[in-house]
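**Student:** Heads up: the sequence lines are chains A and B, in that order.
Number 448 in numbering that gives the first Met the number 0 belongs to position 449 of the first sequence; there are no gaps in the numbering.
Number 244 in numbering that gives the first Met the number 0 belongs to position 245 of the second sequence; there are no gaps in the numbering.
It is possible that some hints are incorrect.
Claimed, not checked - Derived pair list, reagent style DMTMM-like, types lysine to aspartate or glutamate, alpha-carbon separation capped at 25 Å: (1) A/Lys-34 to B/Glu-380; (2) A/Lys-34 to B/Asp-213; (3) A/Lys-34 to B/Glu-218; (4) A/Lys-34 to B/Glu-209; (5) B/Lys-34 to A/Asp-191; (6) B/Lys-394 to B/Glu-380.
The set of hints was computed from the structure by calculation and includes no laboratory data.
The structure presented is a predicted model; accordingly, all values stated were derived computationally and were not measured.
Protein chains: 2
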Amino acid sequence: MPTYDEYVRRMQRIADIRYAAAVLQWDQETYLPPKGAHYRGQQLSSLSEMAHEAFTADDMGQLLRELLADATLSDTARRNVELTLEDYTKSRRYSASLVRRLCEASNRSFHSWIEARRQNDFRVFEKDLAALVELKKEEASILGDFAHPYDALLNEYEKGATVAQLDVVFGELLPRLKGLLSEILAKDPGDDRILKQHFAADAQWQWGLELIHDLGFDEAAGRQDRSEHPFTTSFSAQDVRITTRIDEGDLGNMGWSTIHEVGHALYEQGLPADQYGLPLGEAASLSIHESQSRLWENNVGRSRAFCRFVLPQLQRYFPDQLGHADAEVLFRAVNKVAPSLIRTEADEVTYHFHVFIRYELEKSLLEGRLSVRDIPGFWKEQYEKWLGITPPDDKQGALQDVHWSHGSFGYFPTYSLGSLYAAQFFSVAEAALPGLEENIAHGETGPLLAWLRENVHAHGRRFTSDELCRRISAQSLSSDYFIRYIRAKYGLDQSA
Amino acid sequence: MPTYDEYVRRMQRIADIRYAAAVLQWDQETYLPPKGAHYRGQQLSSLSEMAHEAFTADDMGQLLRELLADATLSDTARRNVELTLEDYTKSRRYSASLVRRLCEASNRSFHSWIEARRQNDFRVFEKDLAALVELKKEEASILGDFAHPYDALLNEYEKGATVAQLDVVFGELLPRLKGLLSEILAKDPGDDRILKQHFAADAQWQWGLELIHDLGFDEAAGRQDRSEHPFTTSFSAQDVRITTRIDEGDLGNMGWSTIHEVGHALYEQGLPADQYGLPLGEAASLSIHESQSRLWENNVGRSRAFCRFVLPQLQRYFPDQLGHADAEVLFRAVNKVAPSLIRTEADEVTYHFHVFIRYELEKSLLEGRLSVRDIPGFWKEQYEKWLGITPPDDKQGALQDVHWSHGSFGYFPTYSLGSLYAAQFFSVAEAALPGLEENIAHGETGPLLAWLRENVHAHGRRFTSDELCRRISAQSLSSDYFIRYIRAKYGLDQSA
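Next up, chain A with everything else stripped away, as it sits in the complex (with noise of 0.2 Å):
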């Protein structure tokens, strides 16, 4: 009979490659000097593979099984075992090859698509896309048995999503936020130019620092630096790197992006630290992740209250610039609102035509019913369609995200589920903390972490995103709580 201890092992040892493998993903994000790049890239292949080879290694099935026979295993273990199991399944659907054809076929498409944004012509990418989505449909066939091919993509970054479901929540979600960004263009669309100043990178880094400190990040268990796109990762719950990326002529983008970060690096310190290398002690899902990036982004660091904290804090870094500025010029100014072209730079409210547009692209994709060929003109119509704004280029159309590139596809929805649930956890946050507003305008944030600590982090993936979400707020995913919120924040009427 093989022990608990045993599987413990093996999977710290499984995570200890994976973790490696992040470290070097992490330094060739920040660090890595150019002539680098080729062996490092050759590196992160072999260890990605001996993490796969040794994750479906055949005996690893039989353990797994063995164990789930062990009467005696305690909840917690059999949950790790239970979990284990399932994605040992997933994994050993995918043979050497395909591995291999996928991933090959990705860093072609990464080139091309380096080549086509600085020649900014979709063609260039098109080739290499439609080989890689022909990959994409194969994986979705020996996935398993899904209602939609598209399905088992979205399965592969968010356990239980489907196309009949995020149907249903775009269809419920988007009508009303055609009819709320008209409310609020017509009402106050906010201005931001008090953040589009000259910004000193030093005193903006330095703000930084005091932010994320303030926010609850344990500079013990991490760290931040720079790299041209903000992102997190962690190589245990002790050891959680996030990076910013500084521009001048824009504080919020610093500011925020940081705040976003600092979200999804708080949940990844309060993962569980004894259950390293185990599903227990990993995220529940990306779109749980994002929940906790963009409840402390957006719910907790656009609010009026989060405004009334950071200002005298800024006005220490940029006496001339914000000096005059009172709380609400810079709550309207980091809650602009207007149609744009760009995902990563949109609003709260613009933000899901952004998703919703990728959604039905990859979704007509993966049925066949959209060619590769016909993106750019699909993206054109769908832009001017929900937002009223026509790409006039493939850069800031089609080309803007390198996810495709990458072989993700699915994943996009997981920022929009993302957002719902952050309004939805944070509603119920409020009602379980009375003078939560008050503490958020004092920068006390502390008592919402321990919240998010308690009912979130401490469960790692013992829970699917659903399960969480019906246990913190005693139902499923609804988009109202984000409607609410939003009509809350431009003062529109509740009863609309």
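Could you slot chain B onto chain A? The hints should help.
**Tutor:** Quick look at chain B alone, frame taken from chain A:
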């Protein structure tokens, strides 16, 4: 019949794991947050176990032997496979149990060394060090037939090094150095007060970056960071990392240790990049590695010519402190000679007494003539004998170096061999490169680097230290070169 390509693929995959471990170690010394240390240790152990397992697999030996039977193999390919078989044969001698016991004993010793230093009491370190010494004796015994038990350990760091050889080297060197030391102290020991002013850390850092650039370090294939102890590491010939430390009260500390690390780095950057993961892509030996760092630090960096070059640069960064200095003042500062207690701060002349004392001590421990308990007494007696000074406590005595606590016995002699090789190689380079001194005085070290690339770096591990030395200088290692170099530097009569 296995193919050479198969061998290369296997070797590169093992290299990928080892270099990944090197990235994790680099991060540990530069950026790791304190709480990350625990799982980082585990990640490093897993990677090193995996690399060892993959390298010592049964079928690896078979592959190597079969390849050597292939008469069509090119010389380069054959040399790689021969050297790999040597490494393989050695690695296979280590049982999993011995590897684990060595690793555990080192971990324990490292912690008790830290604690012993904190308490400034060698006795705290004694028990764990004694256990480690017993293990090193066991290690020496499994490594094959050697004339002296210490030879086995020396050989781990320097192929072919023996007590018989080192006794001759030190036997010739030390009495001559003792004479030289008296002559120098009587004539002019130098004066380094000019380097002991306040030098702001930022300006030192900026100067350091300019300096490494001027010396030919390729910043696109490496970078510099800060760490507690300066070191060089590499993850391929195209990603070589150096670190430095800054002491605001001592400019020489940062400056010349940076040049030292650049010397190591230039070697790594000059190794054949297409031999990644193979012996011919590795350094010849530790002593040859050290010859490169010392050649740049001392033969170049502490020369009159280099002082003429670097002083105006330094005066730009530190006009107040150095504005009135001349090159001779700088030369006398960076070449000050004085018996001292701490090896890493020793000058070029007294340095070798420090190494010799550790060599004698290790040799005696391995022979069983000395017991661990007697180390502090032996230390005191030897420092009095050779340097005429008495360590006031253990921190400035036998607890100063970290090496033993890592289980590194047999490493120190490579430091002295490196200095001797450096002097020998530099003397040949001077003859081969007319105008070298004038070039250095103008910061034009390109011709010297090209010469080292061709004569040392490009060969990788193709030749042993001795073979390389004979190719370069038509004779084996001789301390005559070093003695002549020192006599010339300090203006002493060469006929003495």
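**Student:** Taking the hints in turn, state whether each one holds.
**Tutor:** Hint check:
Between A/Lys-34 and B/Glu-380 the CA atoms are separated by roughly 51 Å; this puts the pair beyond 25 Å, and the hint is violated. Between the alpha carbons of A/Lys-34 and B/Asp-213 the distance comes to roughly 19 Å, so the proposed pair stays at or under 25 Å and holds. For a cut-off of 25 Å, the pair hint linking A/Lys-34 to B/Glu-218 stands: about 9 Å separates their Cα positions. The straight-line distance between the Cα atoms of A/Lys-34 and B/Glu-209 is roughly 20 Å, inside the 25 Å bound, and the hint therefore holds.
For the given pair, B/Lys-34 sits about 39 Å from A/Asp-191 by alpha-carbon distance, which is inconsistent with the 25 Å threshold. With a C-alpha separation of about 16 Å, the suggested pair B/Lys-394 and B/Glu-380 falls inside the 25 Å cut-off, and the hint holds.
When each numbered hint is compared with the structure, violations occur for hints 1, 5.
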